[in-house]
Amino acid sequence: MLINCVAYQDGKKLADLSVEDISNYVGRPDCFVWVALRDATDDELATMQHEFGLHDLAIEDARHGHQRPKVEEYGDTLFAVMHTVELSATDELRAGEVSVFVGRNFVLSVRNRSHQSLLGVRARAEREPHLLRHGAGFVFYAIMDAVVDRYFPIIDAMETELESIEDQIFVRGSARTNIEHLYELKRRIMLVKHAVTPLMESVSKLWSGRVPLVCEGSREYFRDVYDHLMRINATLDTLRDTIGTAIQVNLSMVTIEESETTKQLAAWAGIFAVATAFAGIWGMNFEHMPELKWKYGYPMALGMITLTCVLLYRRFKRVGWL
Amino acid sequence: MLINCVAYQDGKKLADLSVEDISNYVGRPDCFVWVALRDATDDELATMQHEFGLHDLAIEDARHGHQRPKVEEYGDTLFAVMHTVELSATDELRAGEVSVFVGRNFVLSVRNRSHQSLLGVRARAEREPHLLRHGAGFVFYAIMDAVVDRYFPIIDAMETELESIEDQIFVRGSARTNIEHLYELKRRIMLVKHAVTPLMESVSKLWSGRVPLVCEGSREYFRDVYDHLMRINATLDTLRDTIGTAIQVNLSMVTIEESETTKQLAAWAGIFAVATAFAGIWGMNFEHMPELKWKYGYPMALGMITLTCVLLYRRFKRVGWL
Amino acid sequence: MLINCVAYQDGKKLADLSVEDISNYVGRPDCFVWVALRDATDDELATMQHEFGLHDLAIEDARHGHQRPKVEEYGDTLFAVMHTVELSATDELRAGEVSVFVGRNFVLSVRNRSHQSLLGVRARAEREPHLLRHGAGFVFYAIMDAVVDRYFPIIDAMETELESIEDQIFVRGSARTNIEHLYELKRRIMLVKHAVTPLMESVSKLWSGRVPLVCEGSREYFRDVYDHLMRINATLDTLRDTIGTAIQVNLSMVTIEESETTKQLAAWAGIFAVATAFAGIWGMNFEHMPELKWKYGYPMALGMITLTCVLLYRRFKRVGWL
Amino acid sequence: MLINCVAYQDGKKLADLSVEDISNYVGRPDCFVWVALRDATDDELATMQHEFGLHDLAIEDARHGHQRPKVEEYGDTLFAVMHTVELSATDELRAGEVSVFVGRNFVLSVRNRSHQSLLGVRARAEREPHLLRHGAGFVFYAIMDAVVDRYFPIIDAMETELESIEDQIFVRGSARTNIEHLYELKRRIMLVKHAVTPLMESVSKLWSGRVPLVCEGSREYFRDVYDHLMRINATLDTLRDTIGTAIQVNLSMVTIEESETTKQLAAWAGIFAVATAFAGIWGMNFEHMPELKWKYGYPMALGMITLTCVLLYRRFKRVGWL
Amino acid sequence: MLINCVAYQDGKKLADLSVEDISNYVGRPDCFVWVALRDATDDELATMQHEFGLHDLAIEDARHGHQRPKVEEYGDTLFAVMHTVELSATDELRAGEVSVFVGRNFVLSVRNRSHQSLLGVRARAEREPHLLRHGAGFVFYAIMDAVVDRYFPIIDAMETELESIEDQIFVRGSARTNIEHLYELKRRIMLVKHAVTPLMESVSKLWSGRVPLVCEGSREYFRDVYDHLMRINATLDTLRDTIGTAIQVNLSMVTIEESETTKQLAAWAGIFAVATAFAGIWGMNFEHMPELKWKYGYPMALGMITLTCVLLYRRFKRVGWL
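Line order of the protein sequences matches chains A, B, C, D and E.
Quick note: the first sequence, position 21, residue 21 per the working numbering, numbers continuous.
Quick note: the second sequence, position 103, residue 103 per the working numbering, numbers continuous.
Quick note: the third sequence, position 265, residue 265 per the working numbering, numbers continuous.
Quick note: the fourth sequence, position 238, residue 238 per the working numbering, numbers continuous.
Quick note: the fifth sequence, position 85, residue 85 per the working numbering, numbers continuous.
Any given hint might turn out to be false.
Because identical chains cannot be distinguished in the list, a pair is counted as satisfied if it fits within a single copy or across any two copies.
Here are the computed lysine-lysine pairs in the DSBU-like style, where the Cα-Cα straight-line distance is at most 30 Å [claimed, not checked]:
(1) Lys295 - Lys205
(2) Lys317 - Lys295
(3) Lys12 - Lys205
(4) Lys317 - Lys293
(5) Lys295 - Lys193
(6) Lys317 - Lys13
(7) Lys193 - Lys205
(8) Lys295 - Lys12
(9) Lys193 - Lys317
(10) Lys193 - Lys293
(11) Lys193 - Lys13
(12) Lys205 - Lys317
(13) Lys293 - Lys13
(14) Lys205 - Lys293
(15) Lys293 - Lys12
(16) Lys193 - Lys70
(17) Lys12 - Lys193
(18) Lys317 - Lys12
(19) Lys293 - Lys70
(20) Lys70 - Lys317
(21) Lys295 - Lys70
These aren't lab readings, by the way, just hints derived from the structure by calculation.
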């Protein structure tokens, strides 16, 4: 579906174009065309391929989706794939894709399986004509910056969640829930990491060393995006590492708790075993058991049993088993 | 066994050749010969070595098989080894090998221990003469692309399997089965990884930096294959990492379950120990135990035992041991 | 808030400046201006941006904070972000930020969320005019050196803490406390690591290979800072590694202790089970149980029970279960 | 001990030499001398050093042994150390050493602490004069190839052993044996890895980039050796990784088994505790316990006890505890 | 403290110098001065700095100590820090430091917190004038070689210790001691690793690529030191890896032992529970229990109990629980 298609000159909007008009503008040396598609059909992609002279392999990637994030050069044209990550209504992470084709005087973005509009990018760019004047490379930066900025709230949410798990990790009896949450969180971190790490590697080629011509004027902007990606990536690595440690620590806590339970079990079993042994002894049927005849034999027996149990109880209490 | 042997000119099929005719065509500057062998005999390999001037070491590798995937240059000739991975009838993973020799005007593929035919590759290539015109390098790409594309369903199956294990991982009593499946899955992942990682490293030399002459015109196609391999490799790494975590989590779950069992054991042992201790006390043979003479002594005793047990039961229930 | 703003010439203080005077001095080829801000407002940053011609992206980073440590070149100007790490009154680690802009003849430092003054840096620099003569690059070094020097006591405190945990790690019953401390310590190490590692990587570009012009004369000084960062980083890595091992060892100790407890439990349970079994047997109601009639039947029974228990006790003692 | 000492010209054997004759042949531009020593004495090494002009440090390394595998250039002479790995009569791995000195027209091999003869290498080389014609570099390749080829059966044996351990890993009661075998296997893998990895790194310098003059003509052969080493190294890494996982899995299996034992223990303890509690209650000495007077009181009691135990047994059976 | 101060010419000792004479000799193009200090005072360092024109930062490092091992160039002068590692009288590892300044015609070594004299280095060097002729670079090598050679016995001792722990690792009941030793050994390995790894990285710059002028003539000697460091480093890595595995294996052994204990506990508990249950049943007070009246009721009961226990015992024995 075509979202919009606009020609820009010198940082200012020239005209809303229909698809047919593109060829009239794309040839002019001083202006560029910015087309946005969403869940593009094969026909739309074919038209665009024809208009902008795009490479077969890149079009195929944009059509099929499910690519790794990447930035590739096909002659003078750049082809970039980025992953969008968004929380669905049911609070699950969902990955979408934005493919961007960038030439000397055109930008074509194709958004797939993503609910987040990129309209804000265009609006903001149009409000800053002194930046938009940099041309297609700057638009490319603006789209990428928008995609990357949307990773931050996701990361923040994951950090908050990890912290709330950490608050539970030394609480007795929460081990099962903790481990389920940690495992689920790790799964989500991997999903975001797949969006971030390959993009980071690709973006590094847009500002250091030999830079594609179209990005030359926006080097410092791409370095800024790179810096954001580095930060996100470092945070993800720390999250992963912390989850690993948390899983280990959680296992330790379970073992410690079990050890404490075993000790309690041992203590109570001991106390009752002693009581039962005493009772068993006085329950024997020997004829000559003088204490059985004593007037206060029974209270004495009860007293002895109770006393022994209390002594044991206090001893276990002292060594921390109870 | 010779599968087929065809000469191509300008992207179109020229003629089916017998082995003897090869030398007539291989010398012509504007055409190339594409030979496909399967489980080649020493004689066939010797003939081919003679026809195309192949290096001893490469022929030896093709004959013995069991090589790592690789792409090597012998002068102007490329020698590549790729692993095929396929599910056997009994659902086991089996690795085969495809060796490819590529020269300026010939391609020789030798398929070993693999049931999957490469005939489809030739058919598709012949349907696209504008691409086949690129020559031997493009045919090389087409074969490699076919081999790599067949990794995807294998990977998908392994991802599905891991997900189905993950669904079981927090289910009580499934630990033994889970760990067996995880271990087995890891073994299979390693097998595929051995096919993918070395190939990926080798392919990178076919599109970046100095590229062998025969692949020069198909750089972007090899980059595409490289990209697929990168994607597969990243997926394999994630699978491995996830299996590692799953094994750890599974161990935690076992320990948690054991801890819960120990608590239940402790609770019931406690309840019955108390009952037994009471019964033991009233089973003592003291002469003066007034309650034994009471009319309602027995119901009272039963009542006390029951009451104590119920109180204990509710207490254990409250702290979550039962 | 403006802390101070001074012009230097030839290593000596020329004059305290008001913000308006800056432009008069910053143009002179032989002197440089050193401005220090703290928790700068947007207005102050805007003024500075105007005075020194700073890049939008750098100013934005300095305004928002929460950047990774880094050193970036914007044309001839360097922009550096460093993290300060300090212990709060309640003994918690807190991270602040120092942003530094360095040009051929100016240094602008902006300190955020940090209680530690950098005034000492200026005082020391003014006492060493032969070094201050090196200009803005040397001032940059001096600030960085001060920030990095303040990591050392933090690291030392963490090493001391780890050692005190290690003293507890083989002590019975301390597992729960140890694991909590280890986890907390690891969290703090990660925080410092985030300050150190990216800075280390950035600083390496200030002394090896192509070095920004403004730092050229102070190469050896930046190498010295780099060396300190390497040392801190190596210490942090060792701490992390040791904590990982300590967590593992702690888990082992818990398991060993549980194993010892289980053995004790088994031993005592055995002893009392034997006593109870004996008593149970002589409590049976068979008519013909000759020993029940014996005069010394009861003492004999008690003796046998005691003897068996003592023998068992000694046996368990010998195999180390008690 | 001198094994043999032969001069070759144009790929063919010229003459068996005595040590004194070496200097007559080593100077001739078109021939080379191949000397093989075994457990060389200091005198022999001194003679050889004099004959071929070898460096002090290299001779010292060859004398003392216990070096890491390496390939070093001393001027035009190459000095290589390789480890041989062989199974002793008692099935233990033993490491020996082969030191090789290679010059433009000589090869000197010194074998230490190794039972495997290198005579086969010379025999095979003499059967292929068209290859031997390549000179000293090719002889160097042939020796290295022989050493590396002997790693394969060792690796295969270790793979077979790991597989046989894997067959035991999910078998109850085999945990102790498994872990001992795994630990022992890992130790042996490390020993072979120490032979392989450093050699691999060194060999890479014999075929890629700037190559020592003497190996220039045999580049493709050294690449072949390199390829073998890569394959061995990858296999060793997989073995190591698999052992790590197997140790983890083994621990899981022990814990699972313990958990199952605990459940069985809990179940039987429960059943007997119930029986004992019932018996205890009817063993109390209250005067008014009507059921004690019933004619079928005893069978009823036995029936109730049995019934309860059977019900419990079936319940435990159903939940999988028994 | 000044140990000694000697001028050399052409590999031979010229004269013992007092500190004042240094300047007379250090200027001569064909001779060099070798000064050795121990636990140098600030004054001594200041004098040396003046005599040899040393850099402030290097002097500060030598004064404060506690640096990472490193080799730094200050103009034409090299500054190196190495760690000495020695066993104290109480068998503890202690780290000291040797700082070396090397110029075209001087060597200054400063030894701190180390009991091992470097006098032997000078003595050996003076016995080999043909080597000492290489000048200051060779002396630098000789000192470094001496420091590195002293790592070997430390490493050997640690390997021996690990082996003796490994002998204990599968022995029952030694888990606690093992884990303490492993942890302690790991701590010591880290200490040596801190001495070795950074030095290795620094030394690599003394023989490969661009080499400082003063070391140019001794390249092969520094490569030899590098090789030793590589070997030590590889050994340390293997030790670390093995300790990691040993800790894991030790944990497994504890768990296996616990599992065995649990089984024994379960078996004996089962046997006695059966005996007690039988006794309890015949201890019930029903009036109509015919077997109680039998003449051989009691022996029969004892027999049945014994028989059941023996059967159980044999069954448990057979499944390996006892």
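Status of each hint after checking the structure:
With identical chains, the CA atoms of Lys295 and Lys205 are never at most 30 Å apart, being 99 Å at best within one copy and 96 Å at best between copies. Taking the shortest Cα distances, Lys317 and Lys295 never come within 30 Å of each other, neither inside one copy (34 Å) nor across copies (40 Å). Taking the shortest alpha-carbon separations for Lys12 and Lys205, only the intra-copy value of 29 Å comes in at or below 30 Å, while the best inter-copy value is 39 Å. In the homo-oligomer, the alpha carbons of Lys317 and Lys293 never lie at most 30 Å apart, since the shortest distance is 36 Å inside one protomer and 38 Å across protomers.
In this homomeric assembly, Lys295 and Lys193 never come within 30 Å of each other (Cα to Cα): the closest approach is 81 Å inside a single copy and 77 Å across copies. Neither within a single protomer nor between protomers do Lys317 and Lys13 lie at most 30 Å apart by alpha-carbon distance, with minima of 81 Å and 71 Å respectively. In the homo-oligomer, the alpha carbons of Lys193 and Lys205 lie at most 30 Å apart both inside one protomer (19 Å) and across protomers (27 Å), since each shortest distance falls under that limit. Taking CA atoms no more than 30 Å apart as the test, Lys295 paired with Lys12 passes in neither setting, with 112 Å inside one copy and 106 Å between copies.
Proximity of Lys193 to Lys317 under the C-alpha cut-off of 30 Å is found in neither arrangement, the shortest distances being 50 Å within a copy and 43 Å between copies. In this assembly of identical chains, Lys193 and Lys293 lie within 30 Å of each other by CA distance neither inside one copy nor across copies; the values are 82 Å within and 78 Å between. Taking the closest pair of Cα atoms, Lys193 and Lys13 never come within 30 Å of each other, the shortest separation being 37 Å inside a single copy and 47 Å across copies. Taking CA atoms no more than 30 Å apart as the test, Lys205 paired with Lys317 passes in neither setting, with 66 Å inside one copy and 62 Å between copies.
Proximity of Lys293 to Lys13 under the C-alpha cut-off of 30 Å is found in neither arrangement, the shortest distances being 113 Å within a copy and 107 Å between copies. For the identical chains of this complex, Lys205 and Lys293 are neighbours neither inside a copy (100 Å) nor across copies (97 Å), given an alpha-carbon limit of 30 Å. Neither within a single protomer nor between protomers do Lys293 and Lys12 lie at most 30 Å apart by alpha-carbon distance, with minima of 114 Å and 108 Å respectively. In this homomeric assembly, Lys193 and Lys70 come within 30 Å of each other (Cα to Cα) both inside a single copy, at 14 Å, and across copies, at 22 Å.
Proximity of Lys12 to Lys193 under the C-alpha cut-off of 30 Å is found in neither arrangement, the shortest distances being 37 Å within a copy and 46 Å between copies. In this homomeric assembly, Lys317 and Lys12 never come within 30 Å of each other (Cα to Cα): the closest approach is 81 Å inside a single copy and 72 Å across copies. For a Cα distance limit of 30 Å, the shortest separation of Lys293 from Lys70 qualifies neither inside one copy, at 95 Å, nor across copies, at 90 Å. For a Cα distance limit of 30 Å, the shortest separation of Lys70 from Lys317 qualifies neither inside one copy, at 63 Å, nor across copies, at 56 Å.
Proximity of Lys295 to Lys70 under the C-alpha cut-off of 30 Å is found in neither arrangement, the shortest distances being 95 Å within a copy and 90 Å between copies.
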